[in-house]
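There are 2 protein chains.
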Amino acid sequence: MSKTRTEINTLGEFGLIEHLNQNNTLFHEHSLTRKAIGDDAAVLQKTEQESWLVSTDLFIEGIHFDLAYAPLKNIGYKAVTINLSDIAAMNAIPSQITVSIAVSNRFSVEALEELYEGIKTACKQYQIDLIGGDTTASQAGLIISITAMGVANNDKISYRNGAKANDIICVSGDLGGAYMGLQVLIREKEVWLANPQMQPQLTDFQYIVGRQLKPEPRTDIIKELAKNNIVPTSMIDISDGLASEMMHICQQSNVGALIVGDRIPIHEKTYETALSMQINPLTAALNGGEDYELLFTIAQKDYAALENHPNITPIGYITTPEKGIYLQTPQDTTVPIQAQGWNHFQK
Amino acid sequence: MSKTRTEINTLGEFGLIEHLNQNNTLFHEHSLTRKAIGDDAAVLQKTEQESWLVSTDLFIEGIHFDLAYAPLKNIGYKAVTINLSDIAAMNAIPSQITVSIAVSNRFSVEALEELYEGIKTACKQYQIDLIGGDTTASQAGLIISITAMGVANNDKISYRNGAKANDIICVSGDLGGAYMGLQVLIREKEVWLANPQMQPQLTDFQYIVGRQLKPEPRTDIIKELAKNNIVPTSMIDISDGLASEMMHICQQSNVGALIVGDRIPIHEKTYETALSMQINPLTAALNGGEDYELLFTIAQKDYAALENHPNITPIGYITTPEKGIYLQTPQDTTVPIQAQGWNHFQK
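From first to last, the protein sequence lines stand for chains U and E.
The first sequence lines up with residues 109 to 455 when you count with the working numbering.
The second sequence lines up with residues 109 to 455 when you count with the working numbering.
All clues given are correct.
Identical copies carry no separate label here, and so any pair may be met within one copy or between two of them.
DMTMM-like mimics (lysine to aspartate or glutamate), calculated; alpha carbons at most 25 Å apart, straight line:
{"#": "1", "residue 1": "Lys264", "residue 2": "Glu137"}
{"#": "2", "residue 1": "Lys264", "residue 2": "Glu158"}
{"#": "3", "residue 1": "Lys322", "residue 2": "Glu218"}
{"#": "4", "residue 1": "Lys232", "residue 2": "Glu126"}
{"#": "5", "residue 1": "Lys297", "residue 2": "Glu380"}
{"#": "6", "residue 1": "Lys232", "residue 2": "Glu137"}
{"#": "7", "residue 1": "Lys322", "residue 2": "Glu376"}
{"#": "8", "residue 1": "Lys377", "residue 2": "Glu296"}
{"#": "9", "residue 1": "Lys322", "residue 2": "Glu296"}
{"#": "10", "residue 1": "Lys232", "residue 2": "Glu221"}
{"#": "11", "residue 1": "Lys335", "residue 2": "Glu415"}
{"#": "12", "residue 1": "Lys331", "residue 2": "Glu137"}
{"#": "13", "residue 1": "Lys232", "residue 2": "Asp328"}
{"#": "14", "residue 1": "Lys264", "residue 2": "Glu156"}
{"#": "15", "residue 1": "Lys322", "residue 2": "Asp174"}
{"#": "16", "residue 1": "Lys322", "residue 2": "Glu225"}
Just so you know, these hints were derived from the structure itself, not from any lab.
No experiment lies behind these values; they were computed from the predicted model shown.
If we strip away everything but chain U, and leave its shape as in the complex, we get:
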């Protein structure tokens, strides 16, 4: 056994995943396994024409959520919807989940009922079958592990690696809200810790707090694209921030990108709150994460059909790889985009 000790945070989350999964051997690559690690979901053979998509995420107390400001019902809801978002990010509609839960005995049956109310509300909202799972004790805190599944036609699946030069880069909804909502929740928690008599002041921040506590997978956008017979050339969901996700698409598609800062959709409330907290709204949108909107690229010929769509915004275009990944700032200079993303190992 090696005596060397390398700290996990020297690799970062993506680096660690890549390191541990190197030389991954597949035994069913030309039969049952159509795509393994490296996209929002794995792709398994259903029929010749169709595939099952499978994606899994952990959602952990103290790392991904804080019970001081997130109600258990919201935690259950979000644990489901962020997993559904991974299936949507393949341009598909999710249909099943498994839910595994580990809890310490600090939690009562009633607390778990609240959590499950959120899980079941999300399942009902998105017509998801809860097909299995595991329930066990934990040493500390609440740990939720969800696997989401869905079916898609092979020729409708959007991967991260299909973007081509001159494709138009689009995002759904607006960005940065979930991050600013989190900042407000953290601020109010600190106020409350300093003075437990104070009630949290959240009324003015409903929109952004809702973006943080109750994200929705954009299956409506997937249906809209299907209705218009558009298959995005690439797609990913925005869990770690626009910059990080754009880099994933560019790396896997071997292309560059130019994003026009002025075009990035930012909600008025996100904008105002960011300014009031001395945060650059564009930074919140680029690096904030957790909006669970879709980032995708489409061929130019498909653009006309989406041009006036209220929930889809073109924010730039794909370039050739040597051009790199750039942001055109509101001051009309271009700066290279760097992914901050989230590194849960750096605390």
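Given the coordinates of chain U, work out where chain E should sit on it, guided by the hints.
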């Protein structure tokens, strides 16, 4: 919100799962979802004739394993094989897994490499594709969540609910070894804690310690059954002990059972170690758990083909439901079987 506080351990693990999943609504029951919660794996439509099986289990430090006596490589291996066992328990061969890991920064990259060496060794051994997962920080300890998948012909799947009166009850391998191995490991850990100079004395207990630290899914038995054209009328894997699993089959099949104590296969080393530790070997076999052998029932007509199989033992027969679930003791009296199983919430 209710003010009542009900402790989780008043329901127990199975009671809690049942409670939280009551009134589970399915939206794709007559299309994509063929079987949801309630068996070793969920069953999803592949084609008209074939299904995907999906099963998921948590494997948590301090609850399911102890790093004081389990090497990380073994933990990785076992985390995979106990999930593969759930697919085998549907009378099917597993082919894919996802692996999600949460670790505290107490773990180094080298430690995770050891863990993954075990995971990859199990994948290679059983020809399993590692198709996805998640890696994140944890607040405390190591948490592994694995989802296993496999494909089966619909008419070959064995559920828990198909046992019929007069079917013969069979088990693979031998029982109680994993439990006695655990007792030895716990004893040696205590000796070591009392005197860190002492080296653990495990040489004499290799077989049972191996049963605890390196369980194997009985895919060999599944292949053997297929070769003999036998589809068990019911099947389950023995993770919580023979008694508990027999009760699951009887409850879901609405039958009774008579198990002949003398016929339960117990390895010589298991037997000896149990006696030396003042444990009834039959109790270890009935309630020990973690052997990951298969418990299954077959029609009488199928018995001849398996009669002399070295790894399959008939241990009793299915009766009508009013007869209950009984053990015929070596003293030729019959006693009702009560499941101890494992309740991780009772510590």
